[in-house]
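Just need the whole structure built from these sequences, with the hints factored in.
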Amino acid sequence: MKRTRLRTTWAIFAQLTLLHLVACGAPATEKIFATDAQQDLANPERGLYTQFTSQAESDPLGLQSLQALRDENMSLLLRMYYLKTFRDQPLSNTQLDLIRNDFAVIREAGVKCILRFAYSEGIGEPDAPIDIVLKHMGQLAPILRDNADVIATAQAGFIGAWGEWHASTNNLADPENARQIVHKWLDVLPPQRTVQLRTPRQKWMILDNKTPLDTDTAFTDTPASRIGHHNDCFLSSDTDVGTYEDIEVEKHYLQAETRFVPMGGETCAKAAFSKPDNARDEMARLHFSYLNLGYHPDVINAWRDNGFLNEVKNRLGYRLSLNSITYETSAAAGADLPITITLSNTGFAAPYNPRQAELILVAEDHLAEYTTTLPDDPRTWQPGNDIQINAPIHIPETVKPGNYRLFFVLPDPEPTLADRHEYAIRLANPGLWSAATGRHDMGITIQITE
11 MKRTRLRTTW AIFAQLTLLH LVACGAPATE KIFATDAQQD LANPERGLYT QFTSQAESDP
71 LGLQSLQALR DENMSLLLRM YYLKTFRDQP LSNTQLDLIR NDFAVIREAG VKCILRFAYS
131 EGIGEPDAPI DIVLKHMGQL APILRDNADV IATAQAGFIG AWGEWHASTN NLADPENARQ
191 IVHKWLDVLP PQRTVQLRTP RQKWMILDNK TPLDTDTAFT DTPASRIGHH NDCFLSSDTD
251 VGTYEDIEVE KHYLQAETRF VPMGGETCAK AAFSKPDNAR DEMARLHFSY LNLGYHPDVI
311 NAWRDNGFLN EVKNRLGYRL SLNSITYETS AAAGADLPIT ITLSNTGFAA PYNPRQAELI
371 LVAEDHLAEY TTTLPDDPRT WQPGNDIQIN APIHIPETVK PGNYRLFFVL PDPEPTLADR
431 HEYAIRLANP GLWSAATGRH DMGITIQITE
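For what it's worth, the working numbering labels the leading residue of the sequence shown as 11, then goes sequentially.
By construction, these hints were calculated from the structure, which means they are not laboratory data. Since the model is a prediction, treat every value here as computed from it, not as a measurement. One thing to keep in mind: the hints can contain errors.
Ranges of calculated distance between the beta carbons of each label pair, as one might list FRET restraints [said to hold, decoys possible]:
1. 219 - 247: 19 to 29 Å
2. 451 - 48: 45 to 55 Å
3. 39 - 144: 54 to 64 Å
4. 231 - 407: 49 to 59 Å
5. 197 - 307: 35 to 45 Å
The beta-carbon is built from N, C-alpha and C at its ideal position, and this holds for glycine as well.
Right under this line is the structure:
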């Protein structure tokens, strides 16, 4: 009898202990991840780009050319459309079809574009009257909205030589005309996309406001939160050939702004300012996300010769790495699984378009999986500081007990791209990424109990 009572007592104790562990969670475990392998990554909406230029009704994009970009670990192109034929008439169906088909090719190739339109290819060459510009933008509107998934950002363009907002022959850079064009862009593009201006003073003029964005005003779908910046004479002189007038005031403004909106461009001359030390400091200060690989060749070749180009490739935009994860090894169905993730961003900028982070539990037999969207906005993952995500995963009561593998994924939020690995962000840690799925295998198994 005593022996039976002893066995019964121990059985009850064991059951109570198991219930306590299930209720309170297993002891927390920390996993430290291997550091950044410095591999060249073709992450979306960032990096070096190649320009592809189209004259009116000609020069459609070719799939092989864009696939070659992917082969070089590039995910961006600048698509430049010159509309010279249409300076005094509507865009033709042939032109609209060419643009529409270009977007299909961009999507098939797994890349995105920076978009610009212009009427003039040089100083002294005419642009178009404001009524023609607005009419063309209205014609483009349905195409751009339908294909915004593969538009990283748009440059305001249309005005003057190369669409760079100077040397207009139709006074398009005058404040009233310029405001109409920018606000038309904001109407044509969906609210999750931005338009970039050539100088900070132009944004001040458009908005009649010199206050930079901050954490309260960013990502609010207001005009200010959707206007970014590009510099097409970057690192070329102290003023970047007229980009700046009051240099420190304007750079201080950009330093604050570009934490929240895209910044990119191209160099236009080799100078003392384009040497690596200054270039690195300027890209970091102004949060550069992209640069033209083709221009200026003297600058690019110098960077290639001194080895700096590899750093530029790696650090333009964001570069995210997992540092550690703290988790419990088991959880009950219907309960929460506490998880804390720390990451670092060693790039020059944060992601600038909407995106979400997800944790996925995948059953050992691969017949079931459960996704939790994390509360953090990756656009807030600024470079320089550790990023901590406290993310309890709620385990639905319907989850079948068993062992589940944990995955981390940063997919594109657009339904057309969400399952495309080319559009998911790849972390810089070695050994985690699956090109087949666009997911990171954390190497962690979680036991789900009843």
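Evaluated hints:
Taking 19 to 29 Å as the suggested C-beta distance range, the pair residue 219 and residue 247 conforms, at roughly 28 Å. Remark: the range hint 45 to 55 Å for residue 451 to residue 48 is contradicted by a beta-carbon distance near 21 Å. For the pair residue 39 and residue 144, the beta carbons lie near 60 Å from each other, so the given range of 54 to 64 Å is met. The hint said 49 to 59 Å for the Cβ distance between residue 231 and residue 407, and at roughly 37 Å that hint is violated.
About 38 Å separates the C-beta atoms of residue 197 and residue 307, a value consistent with the hinted range of 35 to 45 Å.
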